[in-house]
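2 protein chains.
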Amino acid sequence: MDKGSRSPAMTDVARLAGVSHQTVSRVLNDHPNVKEQTRIRVRAAIAELGYRPNRAARALVTGRSQLIGVVARNSTLFGPATMLSEFEQAAADAGFAVSVGSVRELDRSSISAVVDRHLDQRVAGLVVIANTASATEALAEIPGDLPVVFIDGDPDSGRPLVTVDQVAGARAATRHLLDAGHETVWHVSGPTDWFDSAGRIQGWRQTLEEAGAEVPPLLSADWSAAEGYRTGQMLARMPEVTAIFTANDHLALGILRALHERGRRVPHDVSVVGFDDVPEAAYFIPPLTTVRQAFGDVARAALSLLLGQMRDENGTANQIVVPPQLIVRESAPRRV
Amino acid sequence: MDKGSRSPAMTDVARLAGVSHQTVSRVLNDHPNVKEQTRIRVRAAIAELGYRPNRAARALVTGRSQLIGVVARNSTLFGPATMLSEFEQAAADAGFAVSVGSVRELDRSSISAVVDRHLDQRVAGLVVIANTASATEALAEIPGDLPVVFIDGDPDSGRPLVTVDQVAGARAATRHLLDAGHETVWHVSGPTDWFDSAGRIQGWRQTLEEAGAEVPPLLSADWSAAEGYRTGQMLARMPEVTAIFTANDHLALGILRALHERGRRVPHDVSVVGFDDVPEAAYFIPPLTTVRQAFGDVARAALSLLLGQMRDENGTANQIVVPPQLIVRESAPRRV
DNA sequence: AAAGCGGATGTTATCGATAACATTTCTGGA
DNA sequence: TCCAGAAATGTTATCGATAACATCCGCTTT
Numbered sequence: 573m574d575k576g577s578r579s580p581a582m583t584d585v586a587r588l589a590g591v592s593h594q595t596v597s598r599v600l601n602d603h604p605n606v607k608e609q610t611r612i613r614v615r616a617a618i619a620e621l622g623y624r625p626n627r628a629a630r631a632l633v634t635g636r637s638q639l640i641g642v643v644a645r646n647s648t649l650f651g652p653a654t655m656l657s658e659f660e661q662a663a664a665d666a667g668f669a670v671s672v673g674s675v676r677e678l679d680r681s682s683i684s685a686v687v688d689r690h691l692d693q694r695v696a697g698l699v700v701i702a703n704t705a706s707a708t709e710a711l712a713e714i715p716g717d718l719p720v721v722f723i724d725g726d727p728d729s730g731r732p733l734v735t736v737d738q739v740a741g742a743r744a745a746t747r748h749l750l751d752a753g754h755e756t757v758w759h760v761s762g763p764t765d766w767f768d769s770a771g772r773i774q775g776w777r778q779t780l781e782e783a784g785a786e787v788p789p790l791l792s793a794d795w796s797a798a799e800g801y802r803t804g805q806m807l808a809r810m811p812e813v814t815a816i817f818t819a820n821d822h823l824a825l826g827i828l829r830a831l832h833e834r835g836r837r838v839p840h841d842v843s844v845v846g847f848d849d850v851p852e853a854a855y856f857i858p859p860l861t862t863v864r865q866a867f868g869d870v871a872r873a874a875l876s877l878l879l880g881q882m883r884d885e886n887g888t889a890n891q892i893v894v895p896p897q898l899i900v901r902e903s904a905p906r907r908v
Numbered sequence: 573m574d575k576g577s578r579s580p581a582m583t584d585v586a587r588l589a590g591v592s593h594q595t596v597s598r599v600l601n602d603h604p605n606v607k608e609q610t611r612i613r614v615r616a617a618i619a620e621l622g623y624r625p626n627r628a629a630r631a632l633v634t635g636r637s638q639l640i641g642v643v644a645r646n647s648t649l650f651g652p653a654t655m656l657s658e659f660e661q662a663a664a665d666a667g668f669a670v671s672v673g674s675v676r677e678l679d680r681s682s683i684s685a686v687v688d689r690h691l692d693q694r695v696a697g698l699v700v701i702a703n704t705a706s707a708t709e710a711l712a713e714i715p716g717d718l719p720v721v722f723i724d725g726d727p728d729s730g731r732p733l734v735t736v737d738q739v740a741g742a743r744a745a746t747r748h749l750l751d752a753g754h755e756t757v758w759h760v761s762g763p764t765d766w767f768d769s770a771g772r773i774q775g776w777r778q779t780l781e782e783a784g785a786e787v788p789p790l791l792s793a794d795w796s797a798a799e800g801y802r803t804g805q806m807l808a809r810m811p812e813v814t815a816i817f818t819a820n821d822h823l824a825l826g827i828l829r830a831l832h833e834r835g836r837r838v839p840h841d842v843s844v845v846g847f848d849d850v851p852e853a854a855y856f857i858p859p860l861t862t863v864r865q866a867f868g869d870v871a872r873a874a875l876s877l878l879l880g881q882m883r884d885e886n887g888t889a890n891q892i893v894v895p896p897q898l899i900v901r902e903s904a905p906r907r908v
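Line order of the protein sequences matches chains A and B.
First residue of the first sequence: 573, per my numbering; consecutive thereafter.
First residue of the second sequence: 573, per my numbering; consecutive thereafter.
Check each hint, because a few of them may be wrong.
[What the hints assert, rightly or not] Each pair of labels, with its calculated beta carbon distance range: (1) Pro715(B) - Asp665(A): 32 to 38 Å; (2) Ala685(B) - Arg864(A): 29 to 35 Å; (3) Leu790(A) - Glu781(B): 54 to 60 Å.
[To be verified] Take a look, some chain A residues computed to stay more than 10 Å from chain B by CB distance: (4) Asp584; (5) Arg587; (6) Arg611; (7) Ile612; (8) Ala653; (9) Asp692; (10) Ala712; (11) Ala808; (12) Leu828; (13) Glu852; (14) Ala854; (15) Pro859; (16) Ala866; (17) Asp869; (18) Ile892; (19) Gln897.
Everything labelled a hint here was simulated from the structure, so no lab data went into it.
For each residue, glycine too, the CB sits at the ideal point set by N, CA and C.
Can you build the whole structure from these sequences, using the hints too?
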């Protein structure tokens, strides 16, 4: 429709509808005091011209844009990538655009730079996927009046936060292995400075202690299949290891291969449970028992917390915990 | 530093530096006609106040923001997720923010909606990750004067495009298997409406024909391990199948499991080559020979094309093709 | 019938930057 | 020494929306 030189502005709509631009603004923002008839006329003019409000102008005068900034680690890890994608969908449905700002490392200065970039844009709110404690420190950079929600952050910070219940997930995994008859369960964790890792370690340890089982030494790794493999080579040589719970599915993959190479059969000799339920986990050899995280739910919860903060000024620090779900497959059946 | 009520504006800087706000603007935009001494004074004032330009104001007056929109399928597939992440990094280094707009399906109306959202934001340019032909149609929605770069789009469109050389990758994979002594190579492709799939099919078929090898029926699937498994169950029962080239690593994973279940050894009985080189491919059972795509290079190339278009108006439709690399591992060694 | 009131609408100021034009200050030759 | 022309800087208009205030109108109330 915009055959003209530039796209129509509010005054163009106003002229066509025979009202002032302010009335157009009122219609757009659903102000109560507009006569129904006028509203209809304005709407018609908007449609006819194909008018769309200039967000830059709005942002300039209100000091706030219809933009939500996301701070995430530059990562192709399944969790964060899925989270971002889900969040964008949810935000779009609510009329918000999402600006991503990824960082290579979650250190103070990188985060500070990304937050600054977002502040430049006058984002209406910020979502921080803060897997590590170092990310939480970057709090200081964020102005107090800007709505912020953390995903996977520090549960004790008292800040609005959405997270998967890592402890419960780890408990379910460990419990499952104990119930299947194993004397104890070994755990290969993610990096210990990640909150996710910490929660999973805690759940694993608690469950063992409650069951009176011996707690084996903690093996910590990064999240990669490579480190899983390396750790697996060691575990494969230890006949007393019959049950392994890993902090994610890719670690489990590496371990499965190491066990396979050493001739230790899964689940006959060793049972393995992962975490995440990546789409291909069902096709590992053997199919992986794992803990599924509802990333979509987390993303939607984060958005709703954020929108809540943006509405009421009295942002009662709210925390939402999403329960995980154990998916049982062959690598760790109910009974060996 | 901003203890005051609101963040400092250009006039505040101007007052402190003892110049007009226009001179501040000139310093910010690197205009040539500013005395060195003045420039220094302004820079000092900027630093002292912690001033940062208001992008909304700039966007309003120039009609264009420092924002690049990305249109992508809502996807946690390794390729697209990596691409987005890499692109954001590159854009940030160049001073641009990235707004993501993901769609569930790459159909005309979804894309149109996302493009509209981006236009609302007055994006300075658009990157479309257009894996399928249907995405290309959405061209029509994009104003002619907006810089656009396609990633993985239609090579014949004549539009600026960056893509991995799928044909070359498939040729290398197929060639590798033929050189290892296989009579022919079976191919499990991705969805046939994806450009990636089409290129890989073409490279596979060409190589077989040139070698005088029989071309087996094409097996097409989606990108999932699940379909790889299903297809693999069929292939595993066919003794004449000794070499399989799959369109991505997850398909290969499913096939590996199916072969394993049927007792067909890899690579002794059957060789398998994937595509993508996901980080965990080296830890499949056995480690997967695959074709690595340099997503980082693609992202940076896309950005540079886009910036080029934004500078010169005469956007000579440029196309960049990034070569892939064959990574040889155990699933398909050089000699069986 | 006049006053008062609230609903509906219009007018003007404003946000913070760049664009366009105006003005002042340097230069280097004639 | 003076002047043209360029370099450096300043002034004012502008982008397109919302905020704040002003006005108009119709209705109730006394």
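For Ile892(A), is the shortest beta carbon distance to chain B beyond 10 Å?
-> 22 Å, holds
Minimum Cβ distance from Asp869(A) to chain B greater than 10 Å, as the annotation requires = At about 15 Å from chain B, Asp869(A) clears the 10 Å cut-off, so the statement holds.
Claimed clearance of chain B by Ala808(A), with the beta carbon kept past 10 Å = It holds; Ala808(A) is separated from chain B by about 13 Å at its closest Cβ, greater than 10 Å.
Check the non-interface label on Arg611(A): least C-beta distance to chain B beyond 10 Å or not.
-> 22 Å, holds
Verify that the Cβ of Ile612(A) lies farther than 10 Å from every Cβ atom of chain B, and report whether the claim holds or is violated.
-> 23 Å, holds
Are all C-beta atoms of chain B more than 10 Å from that of Asp584(A)?
-> 16 Å, holds
Minimum Cβ-Cβ distance from Leu828(A) to chain B exceeds 10 Å | Not fine: 7 Å to the nearest Cβ puts Leu828(A) too close to chain B.
Hey, is Ala866(A) genuinely clear of chain B, shortest beta carbon separation above 10 Å?
-> 14 Å, holds
Check the non-interface label on Ala712(A): least C-beta distance to chain B beyond 10 Å or not.
-> With a cut-off of 10 Å, Ala712(A) remains clear of chain B, as the shortest Cβ separation is near 13 Å.
Taking 29 to 35 Å as the hint, is the beta-carbon distance of Ala685(B) and Arg864(A) inside that range?
-> 30 Å, holds
Over 10 Å to the closest beta carbon of chain B is the bar; see if Gln897(A) clears it.
-> 18 Å, holds
Since Pro859(A) was said not to touch the interface, does its Cβ keep a gap of more than 10 Å from each Cβ of chain B?
-> 8 Å, violated
Hints 1, 8, 9, 12, 13, 14 and 15 from the list above are not met by this structure, while the remaining hints are.
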